[in-house]
Amino acid sequence: MDAYRLADAEAVLPRLRAGDPAAQEALYRAFETPVYSLARRICRTTEDAEDVLQETFFEAFRSIGQFRGDGSLWGWLRTVAASKALMRLRRNKYRDADELDDDIVPLRRDDAALRMDLEAALERLSETSRAVVWLHDVEGYTHEEIAAMMERTVSFSKSQLARAHARLRRWLGEEVPA
Amino acid sequence: MTHLTIEQLLATREPGLEPHVHAWREHAESCDYCRGELDRLDQRVARLKALPGLQPSRDLFGSIRTKAASERRSRQIRRIVGAGLALAASVTLVVAAFKSQRSHRRLVAADPELAEMMSQSKQLERALAGFDQDRQVVDGRTVAVTSTIEDKLARVDREIEAAELLDRTARQQAVIRLWRERVGLLDALVDVHLTGARYVGF
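Sequences listed follow chains A and B, in order.
Position 34 (the first sequence) corresponds to 34 in the numbering used here; numbering is contiguous.
Position 148 (the second sequence) corresponds to 148 in the numbering used here; numbering is contiguous.
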């Protein structure tokens, strides 16, 4: 993320609290990409991700008065976005049964043409597994935090992560015989 | 030789000093295969972090601003209308105060459960006022959950006001149900502040 734009966003906090539209736009421009990326990695469709983006900023503008500034603005906004995306995931009732059958012939490591790229492999994971991988490995949430956000147990988060990595390893052709 | 499973490899990357995790870490350091697996895991995570940021297909700020402005206007209108209504209501209330007080006392006296719920409601509101003063950090999830509960509370309060227009029997039933709901919501709101917005079954 662009550090200059991030610093700007922190600076406009008092104006945001006063409901200044220019400050709201500054916040949006600074965090549009990371919020949308997070939403898109968790949600199944671009439409869902765009809805999450809108809901996140709408909620942020409405509730900015409650942000005390003890943590980072991005940390706060990211939790709002993750919450909205996971809520949408639950609402849509996507199930692991929807995911593609991953019981495929293991790809040979030297067969680069057949190897899936990371984007495609990530997309192929179930929504739940992908959400856990993204929140844990990229956004840096702990299993405890993910479990609380997903309303599941810590073990669930850990097993989803392990399952996802086992699949990614296979789909990316990274399996090495012991 | 038994190598570490993916669960065990992942556990070695987590903070923690449990003896079994320590043993897995030691194994990973001495086993070429497991060290290789761990390296591939680290590289995969690094590649995930390096994936490019994604952009929405169109600029959505306009619609967010319109919605935010519209909500702000609605709030202002509600405040103005509320003030006007309050003025009108205060005149009406002065006239109706005595009658209403008697009716309210009768309603409360007739149903101890209602009196108890009103008392609980007051206690929970006092507890919430205390949280607001003390609260230092509000995370995003708390904000989302709090907003949902507060919206529901506002709806219940409106319905309690509207119930005053019903006839005596219907009003008694409606008011009891609504006050019960109100206590439940306030209780959930207190839980949110106590638990930092972990799951609250409101």
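Since the hints were made in silico from the structure, they are not lab data.
Incorrect hints may appear among the rest.
Derived pair list, reagent style EDC-like, types lysine to aspartate or glutamate, alpha-carbon separation capped at 16 Å [to be verified]: (1) B/K67 with A/D20; (2) B/K122 with B/D39; (3) B/K67 with A/D117; (4) B/K67 with A/E25; (5) B/K49 with A/E25; (6) B/K152 with B/D187; (7) B/K152 with B/E181.
Against the structure, the hints:
1. B/K67 with A/D20: holds, 14 Å
2. B/K122 with B/D39: Judged against 16 Å, a Cα distance of about 58 Å means the pair is violated.
3. B/K67 with A/D117: violated, 39 Å
4. B/K67 with A/E25: holds, 13 Å
5. B/K49 with A/E25: violated, 27 Å
6. B/K152 with B/D187: holds, 13 Å
7. B/K152 with B/E181: Distance of about 9 Å is within 16 Å: holds.
In this structure, the hints that do not hold are numbers 2, 3, 5, in rising order.
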